[in-house]
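Engineer: Given next are the chains, with one letter for each unit.
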Amino acid sequence: MDPCERYQQLIPAYLDGEVTAEQKGILESHLRKCPECRGVERRLKVLEATLRSLPRLSTSPEFTVALRTRIHLEERRARRPSAGFPMIGRVPAWGLLATAAAILLLVLLRPDERSPIPYHGLRAANVEKSLRTESRKLTTLARRHVQYVVERVPVRDLQSEGPVVREAPAREALPDSSSGEETLRLVASRIYRVSF
Amino acid sequence: MIGKGLKKIEPSDEELIERFQKGDREAFEQIVERYKDQLLNFAYRFLGSRQEAEDVVQDTFLRVYRNRKAYRRVARFSTWIYTIAGNLAKTELRKRKRRKLFSISDLGFEEKDYEISDLTYNPEDDVEGTLKEEIIQKEIERLPPKFREVIILRDVQGLSYEEIALILRIPIGTVKSRVNRARLRLQRRLKEILDLQK
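Those sequence lines, one after another, are chains A and B.
Once you know that position 99 of the first sequence is 99 in the numbering used here, the rest is easy, because the numbers rise by one and skip nothing.
Take any residue in the second sequence, note its place counting from 1, add 1000, and you have its number in the numbering used here.
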């Protein structure tokens, strides 16, 4: 072992004030004569400041709505247990069908893992298509990799909505209901692997 | 006059979760507001993927919601929620490793070679800003998970050694020695960047 390495291993604890008085004395006298170890000491100080000041991320604008939606869906599911569905093994048949649909969707859409909201136009088209056939209040596409949840809301609420709606550029692509009193709103562009 | 000089006192995390246990949904929303960004930063620094990090944070809150009755006031709420988030982040990492092994094993690459060999550092570049942060993040990700989690909790998130020990359920001495080793390793690997900084 490089003789300096033993001193260097003590430096982080020394900077934290976690060494004994004896260790402190020995280390400080070594630091005075060893520029290499002083370099390590300096870099450790800079590292600590650098890590503490790394940029902070914020959750995406749809985060809270997506979470509420997941909770809502889960509670609804808990209230209505899926009785009467044929089972394949321990999994209901509809579950397998939904999984198959999800895989197909993923193959078609190939979302980029690192960019959270990239393909609105393309996905919006899919949402619109599915809405035409979907009559439930909440529409979900695909199992586990759900891309959108759409909710029916009065127009006036939509107009007074805050950032969630503004952040969802696919909104214009969604169809208005016939009455004009109600429209379909994109609640969240991504529902974070919902398990149904 | 009574109350004149009193500021509005924010409820503690523990008060909020207790209110939520009694059915107050608003208290849960407040917990989400308080923790979503800090947990996101923890998970992002650990996983290096924003999307996976958001998934982990979503799952964390969902677990808090489902298992709210399991929380007991003997532990701090922050310890409890960080334990959940940390476990989910580690599970995510294991899943990713399995995917990665599966996808590159046929090519015969060692995982280590696969990491960031193309990310060469040139001091001529603009080290202020994105590039610098990217390099630091990559080096954090190169640390073994047990070193990575402690240095993120300690030096990025600023948690105490005591709390980290409780979160990870390891002795405090182990936390300190892991933090120190992680710092030394990062210091070595980020030498050029750190030397440029005053």
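No lab work stands behind these hints: they were computed from the structure.
There's no promise every hint is true.
To be verified - Computed, partial: chain A to chain B, Cβ under 10 Å:
1) Asp2
2) His30
3) Leu31
4) Cys34
5) Arg38
6) Gly39
7) Val46
8) Leu54
Ideal Cβ positions, reconstructed from N, Cα and C, are used throughout, including at glycine.
Engineer: Among all the numbered hints in the text so far, which are the ones the structure does not match?
Structural biologist: Violated hints: 1, 2, 3, 4 and 5; rest satisfied.
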